[in-house]
Amino acid sequence: QSALTQPRSVSGSPGQSVTISCTGTSTDLSGYNYVSWYQQHPGKAPKVMIYDVSKRPSGVPDRFTGSKSGNTASLTISGLQAEDEADYYCCSYAGRLVEFGGGSKLTVL
Amino acid sequence: EVQLVESGGDLVQPGRSLRLSCTASEFSFGYYSMSWFRQAPGKGLEWVGFIRTFGATEYAASVKGRFTISRDDSKTIAYLQMNSLKTEDTAVYYCTRDRGYVYFDYWGQGTLVTVSS
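First to last, the protein sequences are chains A and W. So the first sequence is numbered by this note's numbering: it starts at 1 and just counts up by one. So the second sequence is numbered by this note's numbering: it starts at 1 and just counts up by one.
It is worth saying that the hints were derived from the structure and are not from the lab. Yeah, the Cβ is synthetic: ideal placement off N, Cα and C, and Gly gets one too. Hints should not be assumed to be uniformly reliable.
To be verified - With the Cβ distance kept under 7 Å, some of the chain A side facing chain W (calculated, not the full set):
| hint | residue |
| --- | --- |
| 1 | Gly43 |
| 2 | Val53 |
| 3 | Val60 |
| 4 | Phe64 |
| 5 | Tyr89 |
| 6 | Cys91 |
| 7 | Gly103 |
Said to hold, decoys possible - Just some of the chain W residues that point at chain A, by a computed CB distance under 7 Å:
| hint | residue |
| --- | --- |
| 8 | Phe27 |
| 9 | Tyr31 |
| 10 | Gly44 |
| 11 | Leu45 |
| 12 | Phe54 |
| 13 | Glu58 |
| 14 | Glu88 |
| 15 | Tyr103 |
| 16 | Gln109 |
| 17 | Leu112 |
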């Protein structure tokens with residue numbers, strides 16, 4: 001059982017927007033502004049898409065945005081494209097430890 | 001370009017030990033913390049532990065007391081020593097460079113560890 005809770009699956013059509021939620025507790029998400037999101041395509045290593053709640057690494061499209069309110073973080077992908085179909089994991093600092101969500105499979109219809 | 005290459009994955013029997021290596025290149029290794037993660041077949045990502053630049057370590061509860069992370073800055077290698085292996089340790093193991101708190105900006109390709117009799 002993962003420490004952070006994500007929906008198992010989300011879907012959207014090309015061009016639409018989807019939001020993936022990540023719910024934690026006061027010991028992780030709401031206690032720190034250190035949340036990151038990772039995209040993983042089948043058979044590949046994860047890739048960081050968002051860090052520090054809402055910052056994008058160089059090279060990540062601005063279609064990917066992150067936010068946090070209380071003990072819930074969110075990743076929003078706008079203008080869905082076929083290549084966005086992947087698994088997405090949220091990650092939070094929890095005071096010397098690192099926690100992951102169980103992952104959300106994004107299907108682009 | 002930054003590269004991380006894991007090696008050492010193998011098929012081992014329960015109770016045995018195995019050491020994984022993560023060879024880094026094209027960055028100042030000694031200035032970065034390094035982390036290890038794993039992913040069991042068909043499952044999600046799991047943090048294993050990290051080692052800070054000054055050698056301090058932290059581990060997930062599932063591996064604490066059995067796994068040890070170390071580093072050799074002169075060789076730019078991070079190690080994951082795994083003892084008393086269990087079948088549930090079967091996974092692809094990844095190493096990462098740590099850019100900040102839970103900001104893992106480069107990942108290796110992973111190495112498969114299978115624990116089975």
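Results of checking the hints against the structure:
{"no.": "1", "hint": "Gly43", "result": "violated (10 Å)"}
{"no.": "2", "hint": "Val53", "result": "violated (10 Å)"}
{"no.": "3", "hint": "Val60", "result": "violated (11 Å)"}
{"no.": "4", "hint": "Phe64", "result": "violated (15 Å)"}
{"no.": "5", "hint": "Tyr89", "result": "holds (5 Å)"}
{"no.": "6", "hint": "Cys91", "result": "holds (5 Å)"}
{"no.": "7", "hint": "Gly103", "result": "holds (4 Å)"}
{"no.": "8", "hint": "Phe27", "result": "violated (15 Å)"}
{"no.": "9", "hint": "Tyr31", "result": "violated (18 Å)"}
{"no.": "10", "hint": "Gly44", "result": "holds (4 Å)"}
{"no.": "11", "hint": "Leu45", "result": "holds (5 Å)"}
{"no.": "12", "hint": "Phe54", "result": "violated (14 Å)"}
{"no.": "13", "hint": "Glu58", "result": "holds (5 Å)"}
{"no.": "14", "hint": "Glu88", "result": "violated (14 Å)"}
{"no.": "15", "hint": "Tyr103", "result": "holds (4 Å)"}
{"no.": "16", "hint": "Gln109", "result": "holds (6 Å)"}
{"no.": "17", "hint": "Leu112", "result": "violated (12 Å)"}
When held up to the earlier numbered hints, the structure conflicts with 1, 2, 3, 4, 8, 9, 12, 14, 17 and fits the remainder.
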